[in-house]
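We have chain A already, so just place chain B on it with the hints.
Order-wise, the sequence lines are chains A and B.
For the first sequence, the numbering used here gives the first residue as 1, with consecutive numbering after it.
For the second sequence, the numbering used here gives the first residue as 1, with consecutive numbering after it.
Calculated from the structure, these hints are not laboratory results.
Watch out, some of these pointers could steer you wrong.
Stated by the list, open to error - Here are some chain A residues the structure puts well away from chain B; computed CB gaps all over 12 angstroms:
hint	residue
1	His17
2	Gly20
3	Ala31
4	Ser65
5	Met69
6	Pro73
7	Leu103
8	Gln105
9	Gly111
What the hints assert, rightly or not - Heads up, incomplete: computed chain B residues facing chain A, CB under 7 angstroms, no partners named:
hint	residue
10	Gln17
11	Ser24
12	Pro88
13	Ser90
14	Gly91
15	Ala93
16	Val94
17	Leu95
18	Arg113
19	Ser286
20	Phe289
Claimed, not checked - Far from chain A by the CB rule (all over 10 angstroms, computed), these chain B residues:
hint	residue
21	Met23
22	Glu201
23	Ala209
24	Arg230
25	Gly253
26	Ser282
Built from N, CA and C at the ideal position, the CB exists for glycine as well.
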Amino acid sequence: MKRPLKVLIAKPGLDGHDRGAKVIANALRDAGMEVVYTGLHQTPEMIIEAAVQEDVDLVSVSVLSGAHMTLIPKIRALMNTSGLADVKLIAGGIIPDADAAELKQLPGVAGIFGPGTSTKDVVAFIEGLFPGR
Amino acid sequence: MSTLQELLARFASGDVQSASRLMSVVERGGEDAERVLDAVYPRTGRAHRIAITGPGGAGKSTLINELTRVFRGAGKTVGVVAEDPSSPFSGGAVLGDRLRMTNAGGDAGVFVRSLASRGSETGLSQLACELADVLDAFGRDIVLLESMGASQVETRIRFSADTVVVVLTPEAGDEVQSLKSGLLEVADVVCVNKADRGGAESLAGDLDAIMGLREKEGVWRVPVLMTSARDTGSVDTLMKVLADHGRYLDTDGRRAARRQRALRARITARVHESIQSAIWQSPMLSQRFDAMFDRVTAGSLPPWRAARELAESLHIESRSSR
Numbered sequence: 001m002k003r004p005l006k007v008l009i010a011k012p013g014l015d016g017h018d019r020g021a022k023v024i025a026n027a028l029r030d031a032g033m034e035v036v037y038t039g040l041h042q043t044p045e046m047i048i049e050a051a052v053q054e055d056v057d058l059v060s061v062s063v064l065s066g067a068h069m070t071l072i073p074k075i076r077a078l079m080n081t082s083g084l085a086d087v088k089l090i091a092g093g094i095i096p097d098a099d100a101a102e103l104k105q106l107p108g109v110a111g112i113f114g115p116g117t118s119t120k121d122v123v124a125f126i127e128g129l130f131p132g133r
Numbered sequence: 001m002s003t004l005q006e007l008l009a010r011f012a013s014g015d016v017q018s019a020s021r022l023m024s025v026v027e028r029g030g031e032d033a034e035r036v037l038d039a040v041y042p043r044t045g046r047a048h049r050i051a052i053t054g055p056g057g058a059g060k061s062t063l064i065n066e067l068t069r070v071f072r073g074a075g076k077t078v079g080v081v082a083e084d085p086s087s088p089f090s091g092g093a094v095l096g097d098r099l100r101m102t103n104a105g106g107d108a109g110v111f112v113r114s115l116a117s118r119g120s121e122t123g124l125s126q127l128a129c130e131l132a133d134v135l136d137a138f139g140r141d142i143v144l145l146e147s148m149g150a151s152q153v154e155t156r157i158r159f160s161a162d163t164v165v166v167v168l169t170p171e172a173g174d175e176v177q178s179l180k181s182g183l184l185e186v187a188d189v190v191c192v193n194k195a196d197r198g199g200a201e202s203l204a205g206d207l208d209a210i211m212g213l214r215e216k217e218g219v220w221r222v223p224v225l226m227t228s229a230r231d232t233g234s235v236d237t238l239m240k241v242l243a244d245h246g247r248y249l250d251t252d253g254r255r256a257a258r259r260q261r262a263l264r265a266r267i268t269a270r271v272h273e274s275i276q277s278a279i280w281q282s283p284m285l286s287q288r289f290d291a292m293f294d295r296v297t298a299g300s301l302p303p304w305r306a307a308r309e310l311a312e313s314l315h316i317e318s319r320s321s322r
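Pulled out of the complex, with its shape left as it was, chain A reads as follows:
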């Protein structure tokens, strides 16, 4: 029996707005995925710990604070050293195109989604990461 795709949605850092993360969580649920939502103000270490204990297929972080160039590489690096090297990372939020392009160069950062992205596109992108699931 296959388990539905399990995705961790996390809000690292200090920003206090998670409506976007909740909208994405709902969209992924409606697409048949199991979404673990861990809430606001998570440190990268907390996110990695949750991803390990939940054994998720994908980690998705939302960053609106402008700290994405610090947080996302740090989370990716911690994943790599915590046995999650094969788990992909995606991110959404207020991330300028130039930064997005740079982040996408990091191995294991599969996608960056900015404002205005349709939830359908996010679902299709994630499904595309797991052919046959």
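Just chain B, lined up with the frame of chain A:
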């Protein structure tokens, strides 16, 4: 990908990630899941399993977060399995229990696992109990099982734990609600949670009077506690009461007797599951079902006769009470 043997070896040496991966193997089911459970089962039985149930929004996750803190303070390791409902439409789920469990961060003595119900209609699924087995075998002293928001009739939960805590709130309605059969009858401990809100004291008083009526010599008297995540003293009291219940179970072989009943229920549930899925996979049955259903909708066959004939065609004696 590591082999099952490697995972089990690392699990035995206390590796958290292996425990997590093994839980996923159990979740996926099939032969590998049975192999894992075979390996894990002989190591189970040491943990005190505590189920926390009650209506959605009663504060179960928050209370578990606080309980985790006090258990850790008392030097106990903690495992949590938190179940949330899957959508019957998409099959997906939003698992939000972790949101409240902020005390677990950065502490290797706490392991929290979220689980979607995947069609199970009991407050705690078989799978939740199996994940609890893994945490028990992993050496956790306390395993907390958080059920989905429970209904009044959700009583099978008593088979999933040594101690059942029912969490209610002052908004839960007057004590007449609690006089109805169900949830309160399976409680070993009742918490009137969010006790800082109006009406908590009178609800607790009423519930306590009801529990008093059931009091019997030599039998556990169900305590009714007023709890609040804001009042750390109330959570300390809850932990003490849970320990008391543990000691009560450990006298006169009560824990063993309770676990035997649970095992019986567990086997029965598995057999039901297998029979049910086998039956509905039979193409013969679905053909007959469709044919019967046409007659039912045409008005030439009442539904209970259709059900009876279908059951009899499977050589299952149907109830003749009709």
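Honestly, which of those hints from before does the structure not fit?
3, 12, 19, 20, 21
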